[in-house]
Amino acid sequence: MQDPCQLVRKSFGDPVAEDLRFVVKSVVGEENFVDMTPNKSNNFCCGGGGGYLQSGYPEARRQYGKTKLEQILATKADYCITPCHNCHAQIHDLSDHFEAGYHTVHLWTLICLSLGILGPNEREYLGDDLKEVDVFHPESSNF
Amino acid sequence: MAEEAIKLGGKKKSFFIDKVKELIPDGGNLNLCLTCGACSSGCPATGLEDMDPRKFLRMAALGLDDEITSTPWVWMCSMCQRCIYVCPMKIDIPQLVFYARQSWPREKRPKGIVGSCDMALRNDTCSAMGASEEDFKFVVEDVLEEYQEAQPEFKDMQAPINKEGAEFFLNQNSREPVTEPDEMVPLWKILHLVGADWTYSTKGWAAENYCMFMADEENWKHIVEVKKKAVEDLGCKVWLNTE
Ligand code: SF4
Ligand code: SF4
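Keeping their order, the protein sequence lines are chains A and B. Position 76 of the first sequence, counting from 1, maps to 75 under numbering that gives the first Met the number 0, and the rest follow consecutively. Position 11 of the second sequence, counting from 1, maps to 10 under numbering that gives the first Met the number 0, and the rest follow consecutively.
Derived from the structure by calculation, the hints contain no laboratory data. Don't be surprised by glycine CBs; every beta carbon is placed ideally from N, CA and C. Hints may contain errors.
[Unchecked claim] So, partial list: chain A residues that the calculated Cβ filter (under 10 Å) puts toward chain B:
#1 41
#2 46
#3 49
#4 54
#5 63
#6 66
#7 94
#8 101
#9 102
#10 105
#11 111
#12 116
#13 126
#14 135
[Unchecked claim] Coverage of chain B stretches by chain A, computed from C-beta distances (three or more under 8 Å per stretch; other residues unrestricted):
#15 33-45
#16 49-63
#17 69-77
#18 80-88
#19 103-111
#20 147-160
#21 172-185
Build out the structure end to end from the sequences listed, making use of the hints.
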């Protein structure tokens, strides 16, 4: 999971990072959660903040993001959870661009999946391994 | 590492770093640097444009104002503040970066950021993607109705707009209503299940604020004020900004 700089380091500090971990572990199961190092208030920014995504320096942005990419790859996790929009856009782009193979999901997607209330059209960011799992009202699919 | 020796500037009356020190609390500790390098070693922007946070600060301290105020590196620092977090002297390098951004003529700043800021100033939604009050209301109501029908367990779910006295005022990033509205639904479901008393607002609903990133203080303030007024007009207790 990416600790959003804005939420964690710049606003509420380690306690909110602990809260996030409590939620994530409850949702995915303790044994399926792998932390990056460093993390919480000491995390590395993904490179999506500060206006980077709109700044017109995509090469610099991706070079910056390599620090985060390597951290994610070191966990060998299949999914990176991004509880912030900028992080989601940047980490998703890093996986795409460098063909890293991991998926990037919003926290709300996983919470609803774990509650069994995630419909067929709310799964844009899930990988093939989870796309068909426990679909809520599969008949309501747009496709 | 720098390839050429850095030449110091000539005599100048007032240096950029001194102006910045006057503007920020405790002068941002900008003159307390121990040159330990902790900032640079953990900064993902180190090496871009042959720059890093320690070098940027040292150059500012040496009065190399032309370099400081012209390097595009200031747009490659994400202002993530990790350097402050690890710095033994808590030196506020990103604030220096912020004012260096501000020193760029408006027309030279990154077009994408300027455009997003300008777009947000067009109407009171503050949407950097230009979505209007009507657009937002239409999308939210349309999506809600669709889900109430398709998933009957959620037929009572609400996505209130302009609900006076709601406990939580919720902002929404423009990306969802504009490009992927289905992504709003999981959040609504969670709020519904926990029984949260929340509302969107037609005014000031957009979470993003690019005027801040372009270091445009006047318009940044304007956008925050529009949103703050929207929260106050509805009498909400907590303002939740998802960004
Ligand atoms: S971490 Fe702080 S003291 Fe060390 S070089 Fe950077 S700014 Fe200077
Ligand atoms: S705020 Fe800027 S200089 Fe400081 S660590 Fe982050 S990217 Fe580097």
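Checked hints:
Annotation: interface hint on residue 41 of chain A holds; nearest CB of chain B at approximately 6 Å, less than 10 Å. Given the 10 Å rule on beta carbons, the hint for residue 46 of chain A holds: about 6 Å separates it from the nearest Cβ of chain B. A cut of 10 Å between beta carbons decides the hint on residue 49 of chain A: the least distance to chain B is about 4 Å, and the hint holds. With its C-beta approaching chain B no nearer than about 4 Å, residue 54 of chain A sits inside the 10 Å limit, and its interface hint holds.
With a least beta-carbon distance of about 5 Å to chain B, the hint placing residue 63 of chain A at the interface is held under the 10 Å criterion. Hint status for residue 66 of chain A relative to chain B: holds, with the closest Cβ pair at about 4 Å, below 10 Å. Of the supplied interface hints, the one on residue 94 of chain A is violated, with its beta-carbon coming no nearer than about 17 Å to a beta-carbon of chain B, more than 10 Å. Nearest Cβ of chain B to the Cβ of residue 101 of chain A: about 18 Å, over the 10 Å cut. The hint is violated.
For residue 102 of chain A, the suggested interface contact is broken, since its CB lies about 15 Å from the closest CB of chain B, more than 10 Å. This hint holds: residue 105 of chain A has a C-beta 7 Å from the nearest C-beta of chain B, less than the 10 Å allowed. For residue 111 of chain A, the suggested interface contact is upheld, since its CB lies about 4 Å from the closest CB of chain B, less than 10 Å. For residue 116 of chain A, the suggested interface contact is upheld, since its CB lies about 6 Å from the closest CB of chain B, less than 10 Å.
For residue 126 of chain A, the shortest C-beta to C-beta distance to chain B is roughly 16 Å, which exceeds 10 Å, and the interface hint is violated. Nearest Cβ of chain B to the Cβ of residue 135 of chain A: about 6 Å, under the 10 Å cut. The hint holds. Counting residues of the stretch 33-45 of chain B whose beta-carbon sits less than 8 Å from any beta-carbon of chain A gives 3, enough to reach three: the coverage restraint holds. As drawn, the stretch 49-63 of chain B meets chain A at 0 residues by the rule of a beta-carbon pair under 8 Å; below three, the given contact is violated.
Interface restraint, the stretch 69-77 of chain B with chain A: holds (5 residues with C-beta to C-beta distance below 8 Å; minimum three). Counting residues of the stretch 80-88 of chain B whose CB lies closer than 8 Å to any CB of chain A gives 4, so the stated coverage by that chain holds, three being the minimum. By the rule of at least three residues with a Cβ nearer than 8 Å to a Cβ of chain A, the coverage given for the stretch 103-111 of chain B holds, with 3 such residues. Coverage of the stretch 147-160 of chain B by chain A holds. Counting CB-CB distances below 8 Å, 4 residues qualify, and the rule asks for three or more.
Given a C-beta distance limit of less than 8 Å, the hint that chain A covers the stretch 172-185 of chain B holds, as 7 residues qualify and 3 suffice.
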